[in-house]
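Chemist: Sequence:
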Amino acid sequence: MASATPAVAAPAGLRGRLGSLDAFRGFTVASMIFVSSLGGGSANAPYQLTHVQWHGATFRDLIAPFFLFAMGMAMAFALARYVEGRTEESPWPGVVRRGALLVLIGFALNFALYELPETDLSTFRIMGVLQRIGLAYLAAATIVLLVRSVGAQVAIGLVILVGYGIALATVPVPGAGAGVLTPEGNLAGYVDRLVLTEAHLHRGGPFDPEGLLSTIPSVVTVMLGWWTGRWLRSHESRSTAPDAVSSGSSARPGRAGVLGLLVAAGLLGVGGGLALGELQPVNKAMWTPAFVLLTAGWGWLILAGFYGLVELVGMRRLGWTFEVFGRNALFAFTVPRVIAHLLDLWEVGPEGEGAFTYAYEGTIEVWAEPLFGVATASVLYGLLVTVVWWGIHYGMYRRGWFVRL
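Counting with the numbering used here, you get residues -15 to 389 for the letters of the sequence shown.
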C-alpha cells in the first residue's frame, strides 16, 4: 500500500549536474578513443600510450579504472534518492537491468571486434571491459544499497582488497605454487582458465585482462568513485542550501578546500599505491590492491584539475568540451571501436590495407613521419580521429541524443 508521506524534494543545487564530473568522464572517453585510434596501432605509439607487458602502469592502463571510478561517482547521484529515502520505488529493477545490459552489450562488442568477418564461437571471448563494468556496477550498487553506513562500506572495501591480496600471495596454483605473480602462474589467471577455459580468454590466455577473479577488486574502484561522488554531492548541497546563500557566505572558500582535499587524496593514493607496490606489484591484469590505490590516486588528481578549473575558476567551456563526450559515454565506448574495425575489414590499399589504416597512411603518415617520426605521426592520427568523433558527439549533444541504459 502506498504511503501518504510526500517524497522529499532534491536540494535545489543538485537538480543540475556537476560539470567537473561530466568533464572527468568525458576526458576518460576521449582518452579511450584517442589511444584506440593511434596510427599504426600500439607498435608505433609512445610508451605511455601502450599497455605495459605485465607489472607497472602507463597512462593507457589508467583508462579502464577511470571508467569504473566515473561510474561510481555517477551512482552517487543516480542512486541518491533511494539511499536517502526520498522515494518508495525499488531501485533493484533498474540496477539489475543496467548491469545486465552492460554485460550483454559487452558480448555484442566482443562479437563485432573478434568474430567478424569469420565467426568461430569455440574461441569467443567471454569477458571484456563492459562485462567487468556491468558486474562491478551490480556488486557495488548492491553493497551501497544494502549497507548504508559509510564506515561499514569502507570495511567491506578493505576486506575485499586485503583478502584478494592475501589470496594472490598464498593460494597455490597447480603447477606453479603460491604467490607466483607471472602471466602463467598467478591465481587470477588460473581461475580464468579453470572457469572460462583458455580458448575463451583474450587472445587464448593464459589470463584475461578483464577476468573473473580480478573483477572482484575492481568493485572497490567503483566504491571509491561512489564515496567521492557522495562527498562532492554533500558539499554542493551544503554550499547551495538556502541558509548558506541567505547568509551571504561565498561557496568559493569551501570549494577551494574541496580542491585541496582532492589533491591530498590523490597524492596519498598515488604514494600509497607505489608503496604497496613494493609488497605486491602494481598490475592491471590482476587488478592488484596497489593498482586500485594508484589508479584512484590519479583519478582524484585529474578530477581535482577539472574541479578547480570548472567549479572554482569557472572555465565552464573547458568542462563542456569534455562533457560532450561524457554525456554519451556508452556510445563513445562502443561505436568508434566497431567502426574502426569494420573499416579495416574493407581492403582498399594497394597492399590490402584496411580503410582505417590506409586513411592514416594517406593523411598523416605520408608527411608527418618524415618530419616528426613515427611516434608523433601515430599520435597526430589519434588526435585527428578523436576530433572527428567529438564533432559527431557534438551533433548528438546539440540534438539531445543521449544513449542511456
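Derived from the structure by calculation, the hints contain no laboratory data.
It cannot be assumed that every hint is accurate.
Estimated spans, in silico, between C-beta atoms of each pair [to be verified]: (1) Gly188 <-> Pro75: 49 to 55 Å; (2) Arg388 <-> Gly255: 32 to 38 Å; (3) Asp328 <-> Tyr31: 52 to 58 Å; (4) Pro30 <-> Glu73: 47 to 53 Å; (5) Ala248 <-> Arg301: 40 to 46 Å; (6) Val372 <-> Pro75: 46 to 52 Å.
Glycine included, C-beta positions come from ideal geometry on N, C-alpha and C.
Chemist: Each hint should be assessed against the structure and marked as holding or not.
Modeler: Results of checking the hints against the structure:
At roughly 39 Å, the beta carbons of Gly188 and Pro75 sit outside the given window of 49 to 55 Å. At about 37 Å, the CB distance of Arg388 to Gly255 agrees with the hint of 32 to 38 Å. Evaluation of the 52 to 58 Å hint for Asp328 and Tyr31 yields a failure: the beta carbon distance comes to about 24 Å. A hinted range of 47 to 53 Å for the beta carbons of Pro30 and Glu73 is consistent with their spacing of about 49 Å.
The hinted window of 40 to 46 Å between Ala248 and Arg301 is violated, with their beta carbons roughly 28 Å apart. Checked against the given bound of 46 to 52 Å, the beta carbons of Val372 and Pro75, roughly 38 Å apart, lie outside it.
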